[in-house]
Every structure is written in structure tokens, then in C-alpha cells.
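*Asks:* One letter stands for each residue in the lines below.
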Amino acid sequence: MSESMTESKLLAQCRRAVDLALEAGADEAEVCAGFGGGSSVSFENNDIQIAMSDEEVTFGLRVIADSKQGFAATNDPETLAESARDALAIAKSSVVDEHLGLAEPVEVTPIQGLYDDAIAGLSVSEVTGLGVHLLDAVRSHDPRPSVDSGSVTGARSVRAIASSTGINLSESTSYLGGSLFGMAVDGDEVGSFVSEGRYSRSRADFEAALTEAGTTFSKKAIGALHPGKGVSFKGQVLFSPEAVASLLVSNLVTMVAAPSIRKGKSPLANKFAEKIASTSFQLYDDGTIPGAVGSSSFDREGMPHRRVEIIKDGIFSSSLFNHYEARAAKHAASSTGHASGGANAIPGVSTSQLEVAAGEYDLEALLRDTPRTVLVNRFSGSTNAVTGEFSGVVKSGYLIERGERRPITETLISGNLLDLYRNITAITADRVKVHGLYMMPYILADGISVTAG
Amino acid sequence: MSIEMTEVLQSVADTCEGFVELRYVKKTTRQIAVESGRVEQANVKRRNGVGVRVLEDGSWGFSSTGSSDAASIKRAVDRARDAARVSADRKKDKAPPLGKTVLARGHFANDAAAAVAAIPLERKVELALETEAEARGKSHLIKSATCVYNEIDEEKALVTTDGAAANFRLVRPEFRIQSVAERDGVMSSANESVGVTGNWDCLFERRSREALVESSARFAVDLLDAQLPQGGRHTVILAPSIVGLLVHEAIGHTVEADFVLSGSVAQGKIGQRVASDLVTLCDSGFSEFHPGAGGTLPVDDEGVPTQKTTIIRDGILESYLHNRESAARFGVEPTGNARAWDYSDQPLIRMRNTYLCPGEQTLEEIIASTEDGYLLDGPRNGQADATGEFMFAVQNAVRIKNGKLAELVKGVTISGVAFEVMQTVDAVSKEFRWDLGSGYCGKGQPAKVDAGGPYIRCRALLGGAQ
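Chains as they are written, first to last, in my numbering: chain P, 1058 to 1510; chain L, 17 to 482.
Here chain P stands alone, though its shape is the one from the complex (with noise of 0.2 Å):
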């Protein structure tokens, strides 16, 4: 991979831009920049579909002016001052927000794990071998499942944001992961799309994760196969830890940050400090673990991540804020340090690494206990986040009968997430790490219309 691009010079180019655009007019600007560069094998049928060996850096740059906010990116830095004659023009075009404004720089430690000098060094070579390792693993015991497409990747990248506020920050990080998709072929029979994935700020036991990940694949795609139909009834539902991410956690997660309760299309908006969901259920978000895939040490405004628990005890007790949805909330507030996005935007607000919190259930326990229950790996389906309300087919999924599983398939649940949160009956132990971003456990709610076709 390029040794090419270093934080100071990354860093130096940012300082120069936002230079530029003080010079083009703007009052205040602040420049992110991210520089990418790495290998990575695509799969598809079974086999290596490609290599490829990239890098590219891209400049973000945001002014203000007359309290008027433009926003320009370019992947030239020899067009920057171009770029900055844009952010200004379109500034010149926008409408007055006093709330705008540049976050003031704060101390920021730096969290440790993040980079890895063996993965940085990973050839195109060695990145196609780890490839290789994990197509083998899918169907080392049985040749059903079929990989449609995934990859492995190992990257090296930069970041930089400097400021008229005076913030000038840089970090490097690198990231390796593999993904597959794909289904169960048995003769005439095809079964659910499932997907698996391991991703890692170290290389260290990666041929280990991708094996894992290869097994999963494989049992979940075979576990698909053959499916009956269901039996429509109301009441509960086991959601898998990709399932709560998807549907639970995810949609929570845009009904309590900050701009959907500004722009009045959060049912929670008037809901904080009160109690939304079952006490035993416990939603943080911490972007500070070290050697997390989620934790940065510092956000895209340049504020350092912290814990946040966002639902304590089943009550609202934290939102998400950028700099300028704190300016902009009804309520005093400071930036909680989430501040997203990449240098191709301009700040959003979102999480780094979620957890809900491990409760007190044994999932063999649930399955055998619960009379009768749909367990949902995957769901397919449509959420309103304005609404809380929520339809979708259950996907890869099995009906439970007094300890008998089996799969089915046409079926779908609805009901309303708002509903949902406070019907919580059973949270399991056991947690699993979704999408290298999530930890979750298994949850049981009761309440939930499911339709079989």
C-alpha cells in the first residue's frame, strides 16, 4: 500500500484550503480531508472475481459567510481554490442561520488500537490470499452455500481537519475486512440471501475471524434452505442481534439525535427523561474503545468522542449532538462528539460503536420456554421513523413451537416500534458483534402482528 500520504502533509494541505477560502471572503472555514489507500479481492460465484489496488484523497471544505453556510469537495487538492470559490457562491445563495458556526478546539486524546502497521503493509498478493482463506472456509464441509459477491479489503487511511477556529488534528487508522453474500443452492431449491461479516483494526488472528466468518455464512445460508410456511398470530417476537441493530436499535437511534428532534419528526421528541422503553433495556454509544472499527479519537468536527447512554434504564436520557445542533436545540447543549460523515460532506450526527446492554436470559433457555415465538434473523421490510411504525418479512427466520423450530418463510410482522421499545420481555446474556460497529443481544417483545402468506 502508498507509504505516500502522511498526516503532516495531509494536514498542511487543509491548512492551506482553509487559508484559500479566508482569502476567497469566507469568515469562517474549516477543511476535512481523507485520504484511502489499499488492496482488495472481490468474490463472485464461488470464486476471486477481481483484485484491486486503490488510493485517492478527498478535500471537504465548509465556509461560512454572513452567517450563510456553502460546502464544496473535490478529489484534486489543485483545484482547492476552485473548490473554495464554490463553497463561498453557494454560501452567497443560502439563507441566514444564526446557529451556524465552527466547533472551538478542545483537547483531544488520542485512543489507542487504531493502527496497524501490518495491515498498512498488506500487498495486493497477501490481501488475495485472505481471500482466498475465506472462500474456502464457506464451503469447506458443504458445497450448498454460493457466494454471490463480498470481498476482503485492507486499507490504510488518513484523516485531517483544520479550521479558522484553530483546530488542526490528524489521525491515522487501518482497517481489514471481509464480507460475503450469498444464498444455499440445493438442486432446484434457492434459498434466502444471508450475509456475514468480520472486521478488524488488526491483523493479528484475521485468518481465525475470517473462518468464523466463512462457517456462519454457511450454516445461516443452509439454515434457510427448505422453508415451510408459518401461522399468523399476535404476539411475541425473537429478534437476532443483526435484527436488532437493523430494525430496533437503528430507528431508536434516529428518533432520539438531535436533527430529527429539531426538525419536529421524532415521536420522542417530547419524550426526554421519560421513560420509552422496559427498564431492563440499556442503549450507549462509545466511540473511545480502543481498537474498535467505530472509535476515532476525535469526530468530523473535531471533538472527541465519549460514552453516551442514550437509554438508561429504559428512559431517554441522552440525544446526539453535532456543534450545530447544539447551538440549535431548544434545551442547552454541547456537542456529545458525534459529529459524521466523511470529508464529502458536511457534518451529520450519528454513532460510533452502539451496545445494548447484556441481560439476564439464556437464549436456549428462551427458545425452549417461550410457547410460541417467530424468531427473526433478518428483517426485510419498511420503518417510519416519524411514526415508529414498522412492516417487513421475516427473513431466514423460524417459527417456535414449545422447543420445535422450523423454517418458514412468507411471513411477515408489523406492529409499531414506540410499542415495541416498552413490550421488551427478554434480553439474553449472550452478545454478538454486528457489522464490527454493533454489539447486541437477542431480544424478545411481545405485542407484534405476524402474517403468515
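Treat the hints loosely; a few may be bogus.
Distance ranges between label pairs, derived from CB positions [claimed, not checked]:
1. 85(L) x 1066(P): 19 to 25 Å
2. 287(L) x 1175(P): 48 to 54 Å
3. 87(L) x 1123(P): 39 to 45 Å
4. 1269(P) x 85(L): 42 to 48 Å
5. 1138(P) x 31(L): 29 to 35 Å
6. 85(L) x 1123(P): 36 to 42 Å
7. 1225(P) x 142(L): 36 to 42 Å
In silico BS3-like cross-links for lysine-lysine, where the CA-CA straight-line distance does not exceed 25 Å [unchecked claim]:
8. 1125(P) x 1320(P)
9. 1276(P) x 108(L)
10. 159(L) x 1320(P)
11. 1387(P) x 159(L)
12. 459(L) x 1490(P)
Not the full set, but computed from the structure, chain P residues with beta-carbon under 8 Å of chain L [unchecked claim]:
13. 1098
14. 1106
15. 1107
16. 1127
17. 1131
18. 1147
19. 1154
20. 1205
21. 1240
22. 1249
23. 1438
24. 1443
25. 1444
26. 1466
27. 1510
What the hints contain is simulated information worked out from the structure, not anything from laboratory work.
Keep in mind the model is a prediction, meaning the values are calculated, not measured.
For glycine and all other residues, C-beta sits at the position ideal for the given N, C-alpha and C.
With chain P fixed as given, assemble chain L onto it according to the hints.
*Replies:* Same frame as chain P, but now just chain L:
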């Protein structure tokens, strides 16, 4: 610029051995998002560079560079060649030699991009501000509104060592409006959107900006009083927007030849009946019936001129969608479906404008002959599975009773197995429209596509149940 870059790429290609594909992409994106009178987003993004693909010893290698000079492009060719050699040692099933085919040469002119770029940025910001304010003013129940204007101005130049040398420029503007209504703590939302390949006249040709605002606000308010539907299997009339989503997500992906090779449900079904004989399904680089379909393009990212591909004819599966490699594997001609989003993306098999062909009846006749069912329009989102099982959320669902439209229902999802649902199609309208032009298809990288068709009547599973 793309004409000059064709010459630069050709000069590099002339020095290369074996098969090399060079693709210059210059993409300028302008986005404005307004909500509650605030400009939430206003930006210009410029990204350009050259993507290089090399086929060597039956293996592909890819690299890209953000620099567009010949020396940088040559270095990218070397990196791509190294990558191809590395994977050649480990690839089990080597790619066959690419067959000889007609490749595009020359400049494919289109004036729309220059026309849209000439509209001042101030006017685009004004358009979004005015629209959002109008939506909020439609009813005291509208609590917030959002208007998003987006345009993708793209120049491409493409050269291959076996004869392609083409360039073109396209612009794809999109316009979205969302209204959120609230009464007594109950909230509802409704969206309207449009996206085309073409200029602003084309963007607002079928429905005016005012009509989009009116519809978004009215549905948001009306949905406050709507009830949930009765779950279960029902007769449904799908509007062109839902037909488009169905044929794209649940059928189109299963006939992409790379997925067919991995074992999709369409594998081995060429020549077999997969739908009612009322069903003829096509995917096209052109914009049939009405101009401006969002996935229109003259040449694909392998230099193959696009064409109209008939996937299903009168219910019989006739063709998959191919790039040059899959066409060589299947022994057919490429269909011009290789597409790449950015210069740093490799071309993949993607759809363009996918549609069901119109039939003989009018929508009015189809509704009148439906005793009990639902008319479904306006997809909120949708997914489909490897099995062909799909799930789409529907914004505007209206009950049909005794051949007449009745009450609006909310929270509706429709589900089924695509090829089974297509077997139940018993009515196809003569009305046709493109209705997915503001959407993007995701397959590791985005693609601008469009889809549509007539109104069709079929049987499917409804969720969102009481």
C-alpha cells in the same frame, strides 16, 4: 473535456499489450436540501479520474487514479496488471476471451447537461426554498416539509484496446418533496419524487412542481385518518411505480448474468414460462414510450452500445442481462449492461430502464372489474431476496370495493414470490409511465436506473395488518 480525454486514453491504450479498458469519469454533483426554511445541505462535489481494468491470463485486475495525465494512467495500468497477475494464480474459473462485438466509437451528443448547468445555483436554491414553503403552507396540519434538489452531471470517455473509443455527457436531475403531518400526537408522512435523464422541462413534464407539492401534502394529511389494512392474500392493482419496483428488484436482479451464474432462481429457465402470457418485460438503454427515463445511456462502461433487451416475452424467459464476460460464457452477444458509478468503480452488470410493456385495457376498466382489492401506488422502499421473494412498502393504498375506489389505508406492505406473482397477472393497462427515476440501485456501488410500466392486476400478500 471528454473528447480530449478520449485522445489521452487512446494514447495510453496504444502503448498497452493485451486487453486494457480505460475509463475517464468527471462527475459534478450539486445538491440542495431545504427543511423548515433552513438550507440543510447546499453543496457542489467534483470528482474525476481514470479507472483501469486489465484482463490477463483469464483474470481481471483493476486500479484507478485521481490524476488524468498519461503518466498517472500508465502507472494505474501497471497496478491493474499486477493485480490481475496476482489473482490469476488463485482464480479457479478463468474468464474466457472476450468475444468480438460491435463497440461504440465517437461522440454521443446531448445538450441537456449544458442547459441544466447554465441554470444559476441561486435559482436551484430558490426552487427548493419555495417548494418547501409551499408544502408547509398547504395545511395547518403539515408540521414540516423537506425539498431536495439533486443533479448529477457526468462526463465519460472510454477506450479499450480492442476498439471502443467513445465519449458522452449526461445530466440526471432529481426533485423530491416530503410532507409530515401531525394531529393530536399522531404523525404521518408522504413523499413525491421525480428524476430524469434530461433537462428541467423533462423533469417537470409529466407532473408539475405544484402538482408534486399538492400531492405530497394531501396524502400526508389524508393518511392521518387512514386505517391499517386487513392482512392476507388479496387482489391488488399495482401502479407503474410499484410495477417498476417489482420488475427491477424482484425479477431484474435475478436475470443479471453474474447472479444467474451464482445460482439465482432464473438459472436454467431460459425458454420456460415464468409469467402470465400478458407479461413482456424489457430492460433498455433507451427511454421508450416517454423521454427522459432515469437510467438512459448511450454506451455502457465496457464500450458496448446500449440496446433494448427483452427479458420475458409473452411470459417466456428469453434473455439474461450481460456484460462482455458473461456474454462470452453464455455464448451470446453482450446486452450493454456493464455499468460503473465512479471512475474508482469497476463495471458490474446493472439494469438501465426496466419496464413491463403496456397492454390493452384502461385502468378504469381494470378497477371496474375488481370486486374486492387494493390499488397500490407510491413505493416507500423495497427489497427482494435470492428466492424472488419481495417486500415493498406502499405509501398510497386505496381499497377497492365492488369495482369502485374506496378508503385510503396506511402502513401497507406487499409481499410475494416475484415469478409466482407474475403468473397471476390477469390484466395489464394501456397507460404507461416511468416512475422510479429518482431512485438508485445498490449493488456494492450505486447506479441511476429507472423502471415503470402499466397498471397490472395480480394476487399478493398484504402486510401492515391490524
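*Asks:* Each of the hints needs a verdict: does it hold here or not?
*Replies:* For each hint, the structure was consulted:
In this structure the supplied range 19 to 25 Å holds for residue 85(L) paired with residue 1066(P), their Cβ-Cβ distance being about 20 Å. Look at residue 287(L) against residue 1175(P): about 53 Å separates their beta carbons, and that is inside 48 to 54 Å. Checked against the hint of 39 to 45 Å, the C-beta distance between residue 87(L) and residue 1123(P) comes to roughly 43 Å, which is consistent with it. The supplied range of 42 to 48 Å is met by residue 1269(P) and residue 85(L), whose beta-carbon atoms lie about 45 Å from each other.
A C-beta distance of roughly 33 Å is found between residue 1138(P) and residue 31(L), which places it inside the suggested range of 29 to 35 Å. A hinted range of 36 to 42 Å for the beta carbons of residue 85(L) and residue 1123(P) is consistent with their spacing of about 39 Å. For the pair residue 1225(P) and residue 142(L), the beta carbons lie near 37 Å from each other, so the given range of 36 to 42 Å is met. Annotation: proposed proximity of residue 1125(P) to residue 1320(P) holds, straight-line Cα distance about 19 Å (limit 25 Å).
Between residue 1276(P) and residue 108(L) the alpha-carbon distance is near 24 Å, which keeps this suggested pair within the 25 Å criterion. Distance restraint check for residue 159(L) and residue 1320(P): the Cα-Cα separation of roughly 9 Å lies within the 25 Å cut-off, and the hinted pair is therefore satisfied. Of the supplied pair hints, the one linking residue 1387(P) and residue 159(L) holds, its CA atoms being roughly 17 Å apart against a limit of 25 Å. Our distance criterion of 25 Å between C-alpha atoms is met by residue 459(L) and residue 1490(P), whose separation comes to about 24 Å.
Residue-level restraint check for residue 1098(P) holds (minimum Cβ-Cβ distance to chain L is 7 Å; threshold 8 Å). Hint status for residue 1106(P) relative to chain L: holds, with the closest Cβ pair at about 7 Å, below 8 Å. This hint holds: residue 1107(P) has a C-beta 4 Å from the nearest C-beta of chain L, less than the 8 Å allowed. About 6 Å separates the beta-carbon of residue 1127(P) from the nearest beta-carbon of chain L, less than 8 Å, and the hint is met.
Taking 8 Å as the C-beta contact cut-off toward chain L, the hint placing residue 1131(P) at the interface holds, the least distance being around 5 Å. Interface restraint check for residue 1147(P): the shortest CB-CB distance to chain L comes to about 5 Å, inside 8 Å, so the restraint holds. Given the 8 Å rule on beta carbons, the hint for residue 1154(P) holds: about 6 Å separates it from the nearest Cβ of chain L. A least Cβ separation of about 4 Å between residue 1205(P) and chain L falls short of the 8 Å threshold, and the interface hint therefore holds.
Because the smallest distance between the Cβ of residue 1240(P) and any Cβ of chain L comes to about 4 Å, under 8 Å, the interface hint for this residue holds. Taking 8 Å as the C-beta cut-off, the interface hint given for residue 1249(P) holds, the closest approach to chain L being about 5 Å. Hint status for residue 1438(P) relative to chain L: holds, with the closest Cβ pair at about 5 Å, below 8 Å. For residue 1443(P), the interface hint holds, the least distance from its beta-carbon to any beta-carbon of chain L being 5 Å, beneath 8 Å.
About 5 Å separates the beta-carbon of residue 1444(P) from the nearest beta-carbon of chain L, less than 8 Å, and the hint is met. Against a cut-off of 8 Å between C-beta atoms, the interface hint on residue 1466(P) holds, since the closest Cβ of chain L lies about 7 Å away. A distance limit of 8 Å between C-beta atoms decides the matter here; for residue 1510(P) the minimum to chain L is near 4 Å, and the interface restraint holds.
The structure fails none of the hints (numbered hints given earlier).
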